[in-house]
Amino acid sequence: MTQWYYADAQRQRQGPVDTDTLRARLSQGIIDRSSLVWREGLSQWVALSEIAAELDVDTPVPATPEPSGYAPVMAPTSHPQASAPTADSESNPVLDRSAATTNPNADSQPDRTLPPATGHAPAPADQAPLPGSVSQPDQAGPAATPAAFQAATLDATPASADPAPAAIATPLPSAWDTPAAASPASATAVHAAPVVYAGLWRRLAASVLDSLITSFAVYLIVIPLVFLLALGADMSNAGAALDEGGGVTIAIMVLSYGIGLAIPTLYFAWMQSSRYQASLGKLACGIKLVRADSDGARVGFWRNLLRYLAYMLISVLTLGIGMIVSAFMAWRGERRQALHDKVCDTLVVDRWAFTDQPERQTQGLDTVSIVVLAIYGVMLLVSIVVLAFVLVAIGMGQS
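Those letters in the sequence shown? Residues 39 to 437, per the working numbering, in order.
Careful: at least some of the hints might be erroneous.
What the hints assert, rightly or not - Distance windows between CB atoms, simulated: (1) Leu429 / Tyr314: 41 to 47 Å; (2) Met39 / Asp383: 38 to 44 Å; (3) Ser249 / Ser312: 17 to 23 Å; (4) Ala330 / Ser253: 26 to 32 Å; (5) Pro54 / Phe265: 40 to 46 Å.
It should be emphasised that the hints constitute simulated quantities derived from the structure, not laboratory data. Computed from a prediction, not measured in an experiment: that's the story for all the values here. Glycine residues also receive a C-beta, built at the ideal position from the N, C-alpha and C atoms.
Based on the provided sequences and hints, a complete structural model is requested.
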């Protein structure tokens with residue numbers, strides 16, 4: 039059975055649903071004929087009206103406009119020949135007199151006599167005035183020749199008549215009115231497709247991976263520096279300096295905290311401002327960072343740096359309350375923006391959002407996020423159990 043995806047009124051991707059359900063959504067007014075839909079086999083999202091026949095729904099066919107009136111074209115012949123009066127000849131006395139001079143037999147044929155030049159007969163209702171005809175008597179000279187009359191008559195042919203109105207086409211969003219084969223480049227971002235925002239759990243999985251990476255980098259730098267500081271100090275006085283809170287202890291603490299803040303800040307600012315628009319953890323979980331309300335624009339280095347500093351300040355200054363609020367906003371918010379996202383005007387979205395393949399976006403958790411969260415949950419549970427055993431052992435030892 040064919041599975042369909044569609045974009046609702048909030049430009050959110052919905053589905054999959056079967057064909058009957060899609061028809062029901064159309065009849066209920068949840069979607070309309072201009073809504074974007076997609077199924078397996080379509081190269082891109084299309085308007086529902088384009089595949090109405092496939093869904094077996096009626097599509098109103100625009101009425102074909104009736105053709106406008108045509109004026110006859112008079113071609114020169116070797117033998118003079120009388121012609122029936124036309125709208126131009128009835129409304130233009132000068133052309134009537136010119137036509138009479140080109141036909142010497144016109145006076146001998148009373149049944150073909152042209153109307154008098156004193157009146158203007160109304161044009162037929164279905165024939166619009168033709169451009170190029172002479173509308174005032176003083177615009178044609180008295181010495182009008184047959185060649186001039188022929189040129190004036192050719193101007194009144196259907197080629198110069200008002201064109202028929204264009205067929206009414208079903209309006210489509212600007213991002214979808216060009217077929218896939220006519221696209222200038224396959225990597226062109228499509229901005230009209232629905233966007234999947236990264237929720238709490240995918241962001242948590244990415245944060246776990248990024249924490250492992252940055253912690254490893256911090257320890258890889260801090261531990262050797264601590265040993266170098268210890269070796270550089272007087273070994274005989276190192277113990278006393280540590281016990282008395284001397285300069286070595288302060289230097290180690292400042293260095294450790296400084297490196298522990300600098301490395302993650304530079305890591306996120308550099309990775310998320312690159313062409314990948316994501317840290318390594320976000321790349322693994324299939325999400326990326328973009329500017330809000332910018333059709334997927336890349337976030338700059340300094341904005342990324344301020345974003346991480348805002349995250350740290352909100353978490354530390356509020357004693358963790360800001361982190362809880364951010365988690366709730368990323369879980370239930372309209373666009374899944376945390377507090378530091380609001381401050382820096384950023385969004386975390388699926389990696390295929392704002393690309394030429396928006397149908398590849400993933401709703402919910404992907405495989406990597408599920409595995410990371412499962413391992414993290416097991417490790418957290420083991421840590422709680424070990425901590426409980428340690429507390430019980432300490433309590434039993436004191437008793």
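Looking back at the numbered hints, which does the structure fail to meet, lowest number first?
5
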